[in-house]
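Chemist: Sequences listed follow chains G and X, in order.
Numbering-wise (my numbering), the first sequence opens with residue 107 and increments by one.
Numbering-wise (my numbering), the second sequence opens with residue 291 and increments by one.
Quick caveat, the hints were computed from the structure, so don't treat them as lab data.
Treat the hints loosely; a few may be bogus.
Claimed, not checked - Below, simulated EDC-like cross-link-like pairs (lysine to aspartate or glutamate); rule was C-alpha separation at most 16 Å, straight line:
(1) Lys199(G) / Asp491(X)
(2) Lys418(X) / Asp212(G)
(3) Lys204(G) / Asp463(X)
(4) Lys204(G) / Glu345(X)
(5) Lys343(X) / Asp212(G)
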Amino acid sequence: MATLATFFRRTDWIAAGEQTTSREQMNHYQLRALPNDDVYFYSKRIDNSRIIRQADPQAKTQCWSAIGAACLLAVLVGSVAVPSVGARLAGYKVETLKQERQALLDERKKLEVEEAALLSPARLDALAKQHNLSGAAAGQVIHLDSTTDSALAFNVKSPRE
Amino acid sequence: MDAGARLRAVKRLTWLVGAIVLWGVAIFLKLISLQLIHHKKYLAMARQQQEMKVELPAARGNIYDRNGQPLAMSLPVDSVSVNPRRVPNLSIASEVLASILNIDREELAGRLQNAVELKKGFLWVKRKIRPAESERLKSLHLDWIDFHPESSRTYPAGPVASHVLGMLYVEEDEERGAAGIEKALDSELRGHAGTERLLTDVHRRGLDSQISLAAQAGKSITLTIDEAIQFTAEKYLRLAVESNHASTGSIVAMNPNSGEVYAMANYPTYDPNLPPSKNEPPGARLNLGASVPFEPGSVFKVVTLSAALETTNIRPDTIINCGSGAMNFFGRVVHEAKHGYGSISMADVLAHSSNIGAIQIGLKVGEKNLLDYVHRFGFGSKSGVPLPAEASGRVRKLERWTKTSIASVAMGQEISTTTLQLARACSVIANGGLLVKPRLVLKDGDIAQQYEQPVRVIRPETAITMRQMMEGVVIKPFGTGFHLPRISGYSFGGKTGSAQIYDVASHHYTHLYNASFMGFAPVNNPSIVVVVTVNGSKGFGAPVAGPAFSAVMAEALRVMDVPKDLPETIDPKSDDQKMLLAKAATRADADNAADAVMGDESSPQPNILEEEDTVPSMATAAAVTIPVAQVIIPKKPEGSQAPNFRGKTMRAVMEEATELGLRIMVAGSGVARQQVPPPGSILQPGEAIRVQFAR
Numbered sequence: 107m108a109t110l111a112t113f114f115r116r117t118d119w120i121a122a123g124e125q126t127t128s129r130e131q132m133n134h135y136q137l138r139a140l141p142n143d144d145v146y147f148y149s150k151r152i153d154n155s156r157i158i159r160q161a162d163p164q165a166k167t168q169c170w171s172a173i174g175a176a177c178l179l180a181v182l183v184g185s186v187a188v189p190s191v192g193a194r195l196a197g198y199k200v201e202t203l204k205q206e207r208q209a210l211l212d213e214r215k216k217l218e219v220e221e222a223a224l225l226s227p228a229r230l231d232a233l234a235k236q237h238n239l240s241g242a243a244a245g246q247v248i249h250l251d252s253t254t255d256s257a258l259a260f261n262v263k264s265p266r267e
Numbered sequence: 291m292d293a294g295a296r297l298r299a300v301k302r303l304t305w306l307v308g309a310i311v312l313w314g315v316a317i318f319l320k321l322i323s324l325q326l327i328h329h330k331k332y333l334a335m336a337r338q339q340q341e342m343k344v345e346l347p348a349a350r351g352n353i354y355d356r357n358g359q360p361l362a363m364s365l366p367v368d369s370v371s372v373n374p375r376r377v378p379n380l381s382i383a384s385e386v387l388a389s390i391l392n393i394d395r396e397e398l399a400g401r402l403q404n405a406v407e408l409k410k411g412f413l414w415v416k417r418k419i420r421p422a423e424s425e426r427l428k429s430l431h432l433d434w435i436d437f438h439p440e441s442s443r444t445y446p447a448g449p450v451a452s453h454v455l456g457m458l459y460v461e462e463d464e465e466r467g468a469a470g471i472e473k474a475l476d477s478e479l480r481g482h483a484g485t486e487r488l489l490t491d492v493h494r495r496g497l498d499s500q501i502s503l504a505a506q507a508g509k510s511i512t513l514t515i516d517e518a519i520q521f522t523a524e525k526y527l528r529l530a531v532e533s534n535h536a537s538t539g540s541i542v543a544m545n546p547n548s549g550e551v552y553a554m555a556n557y558p559t560y561d562p563n564l565p566p567s568k569n570e571p572p573g574a575r576l577n578l579g580a581s582v583p584f585e586p587g588s589v590f591k592v593v594t595l596s597a598a599l600e601t602t603n604i605r606p607d608t609i610i611n612c613g614s615g616a617m618n619f620f621g622r623v624v625h626e627a628k629h630g631y632g633s634i635s636m637a638d639v640l641a642h643s644s645n646i647g648a649i650q651i652g653l654k655v656g657e658k659n660l661l662d663y664v665h666r667f668g669f670g671s672k673s674g675v676p677l678p679a680e681a682s683g684r685v686r687k688l689e690r691w692t693k694t695s696i697a698s699v700a701m702g703q704e705i706s707t708t709t710l711q712l713a714r715a716c717s718v719i720a721n722g723g724l725l726v727k728p729r730l731v732l733k734d735g736d737i738a739q740q741y742e743q744p745v746r747v748i749r750p751e752t753a754i755t756m757r758q759m760m761e762g763v764v765i766k767p768f769g770t771g772f773h774l775p776r777i778s779g780y781s782f783g784g785k786t787g788s789a790q791i792y793d794v795a796s797h798h799y800t801h802l803y804n805a806s807f808m809g810f811a812p813v814n815n816p817s818i819v820v821v822v823t824v825n826g827s828k829g830f831g832a833p834v835a836g837p838a839f840s841a842v843m844a845e846a847l848r849v850m851d852v853p854k855d856l857p858e859t860i861d862p863k864s865d866d867q868k869m870l871l872a873k874a875a876t877r878a879d880a881d882n883a884a885d886a887v888m889g890d891e892s893s894p895q896p897n898i899l900e901e902e903d904t905v906p907s908m909a910t911a912a913a914v915t916i917p918v919a920q921v922i923i924p925k926k927p928e929g930s931q932a933p934n935f936r937g938k939t940m941r942a943v944m945e946e947a948t949e950l951g952l953r954i955m956v957a958g959s960g961v962a963r964q965q966v967p968p969p970g971s972i973l974q975p976g977e978a979i980r981v982q983f984a985r
C-alpha cells in the first residue's frame, strides 16, 4: 500500500521513469508498478468478441421490477414530500390572505366611520341650510289647490269631471 | 505485503474506526444534550428565531343609536416603538422618525440617548399614529422599528350625545371608560386581547399561525338615544341658553311608557374626539341632566296637585282661595308674582301657577302624604339609568322639615331634582300613573335589554285629570304656557317653572332663574315626554324653555311617527324663524319681568317675588305689601277681527260668538283647539269661523 511518504517521494519515481518505460516496452502486459512496493500488476488481453450474451428471460422482468420499485419509491417519497411542500406554500397563501382580510376589515371600519361622519346630523343640517331646505314637520302634508305651484301633481278632480 | 505493513494498516484502520465511533458517540451525546437536557432552551431559541408572537387586539365595542347609526367606533391604528440598543445611529434614527411622525427631533434624540444610557431595550416613539405615517415607516423595512397594533376611539357624530357616551382614558396601555356609557358599561365594551404564534421563514414571512389565546372583541351597545332627536335637542338647547344669556341647560326626551330616553342634551357640551383642554367652558364634560340637581320650582306643583287628587277630595273644579296675592305663613311671606287671583279652581291654580294656591293645596294634602308622593314620583332616589354619576337629588326627611317646609315643597323648593327625574315624574302623568325606569341601553350585544315592569304610583284617573289640567296650562289664555309655539297636528300639555337660583355665598336668592318646561304630547295618548331646563336665565320658564320644548317635541313626534290628534296647520315659518320669534318674546317678557323685579328692589326687604310661574323664595321678614306689577292685558279683538276661541268650551264659544254677532261652524267636542281663520284675522262680512273641538 502506498503511504504518504512514498507519495511525496515521487522524484525518485520520476527519475526512474526511463527504466520503467523500457520495462513496459519489454512486456506489454505489465502495468505500472506501485512505487516502492514489490507488487507488480499485469493485464491479460482476452478477446471476447466471439462471445454472445445468452438471452436471459428474467432480466427484463427484473429490469421492470427495478424501474417499478424506483417509481414506487419516488411516489412514496413524493407523497411524503409533496404535501409538506404544498402545506408550506398553502401556509404562505393562508397567511397572506389573512393579512389581506384583516386589512380589508380595517378598511371597512374606516369607511364606516367616514360614512357615519358624512351622515352626522350636524353635517346634514349644515348642508340643508346651504341648499335652503327646511326641516320636515311631523307628518307634513302639502295641500294641493289651485294656487299651488303647477310643478306639483294635482290630485284633485278636474272641474270637467 | 509483509507482516509489518499489514499490522500498520490494521492499526490505522483501528484508529479510524475508533475515531468514527467517538465521533458518533459525540454526536449522540450532543443530540441527548440538545433534545433532552437543553430541549426547552433551544426550543425557545428556535421559536424566537422562527416564530413571532403576534398580539391580537380586541376591538372595543361600538356604540350605536337606536337606529343603528354609529355614535362611537374603534379604529385599528399602529403605535411605534424602538429598541434603542439596536438603533445603529441615534442621530439618523431620530431624524428619520421625527420627519415621518411629525415629532420634535431634538426631543426624540434626547429620549433615545437617555434610553441608551440607561440600557433600556424599549422606547415608545409615538402612540396611535396615522395610517399614512404607519405605511411610510413600514416601507423603510427597518428591523429596529417595532409596530404595535392598537385601537383609537372615534366619535363620528362629534359632540352629539357626548355626555351620554362619555370618553376614554388610557391606563396601563389600555383604554378605559372615564364617563358616560363608556364608563358604566366598560366591562362589556372592553374586549380581551389575544395572542397568536406566527411561524415565519428567514424573510420573516408568515408560514403558519396558531392562536394561543383567542381575542374576544367587546360587545356593541345599542342605545335608546335617537341621533336626530338628540341633535335637535342639542341645537335648540344651545339656542335657548345663548339667546337668553343663561349659563347651562339640559333637555331630556323620553318615551313615558317604556322609559326609553330618546335624547339627553346638555349645554355646554364638548367634542369627545378632542382631549380636555383649558379652553373648554367649566363643566362642559358634566352630564347636567343626570348629575346636577337643582330646585325645580313650579314644575313641581304637578306633584302637589297629583297628591291632592289622590289623598283629598279636591277636584279640578274645587275652588281654592288664593287671596289677594300675599300670604303670611308662620312669619314668612309668600307672594304671587303679579297679583292675587282670588278664588279660582284647582285647574286654574295650575294654569296660573299660583304659589298661594299650591300652598293651600299642599296644606290640605299634609306633610306626610306630600312627602310620600314626592318619593312615589321618584324624587330623592336614583332612577337607575346606567350612567356612572347619576345624582339622586335631595329630599329632606320629614323629621328635618321646618314649619314652612310644606309650603316650600308644595312649590318646588327645599327639594332638588335632576332633569331626568323630572322627565320620569312627568312620565307618571303621561303614562297613566306608572313610575317607569328610564332606559338608555336598548341592546347589550345582540341581546335586547329586559324591560322592567313599572310600578303604579297614582291612579289612572288622577293621571288623566292631571293631563287635562296640564293641557290647560298651554291652551287657556291666562295659562303660563299659552304663548308657547304650537306643535302642528298635535295637542300637548305641560307645566312651566322658574325657580330663583339660591346664591350659597350670600345666602340669598338671586335674580337668575332655573327656567324650565316639562310636557308631553299628544294629550290623550302621550308618546313623548320632554323636559327643558335652562339655568342662570333672566327670563322665565315659558319664554326661555318653551320654544326649545316645542321644537324638540315636534322633532320627536315626527321621528317616532306618532299619529296626529289634531287637524294639521302648516306654519310657513322655519324652525329657526320660530326660534328667533321666541327669542324676541323672551326679551319682551324679560323686560316686563324686570319691571316687576325693580319694584321689589325698591323695597327694603329681600326680594321674594317672582314671575307668576315662578316660585318665590322664603323670607323671614314680616309681611310687607309688595306693589303689584303692572299686568299688560292684550286688548280683545274688535270689530271684524276674529276672537280667540282656543281653550274654551263649546258653550263659551257659542256665547261669545252670539254676543259678537259672529257666525261659527263647530266640529268635534271638548275644548276649542283650532280655529280658521286664526285669532286676530280680519273677517270678511258674513265669513264664518270654523272651530275644531277636541278632548
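Chemist: Does each hint hold? Answer for all of them.
Modeler: For each hint, the structure was consulted:
no.	hint	verdict
1	Lys199(G) / Asp491(X)	holds, 13 Å
2	Lys418(X) / Asp212(G)	holds, 15 Å
3	Lys204(G) / Asp463(X)	violated, 26 Å
4	Lys204(G) / Glu345(X)	holds, 14 Å
5	Lys343(X) / Asp212(G)	violated, 21 Å
Comparing the model with each numbered hint stated earlier shows that hints 3 and 5 do not hold.
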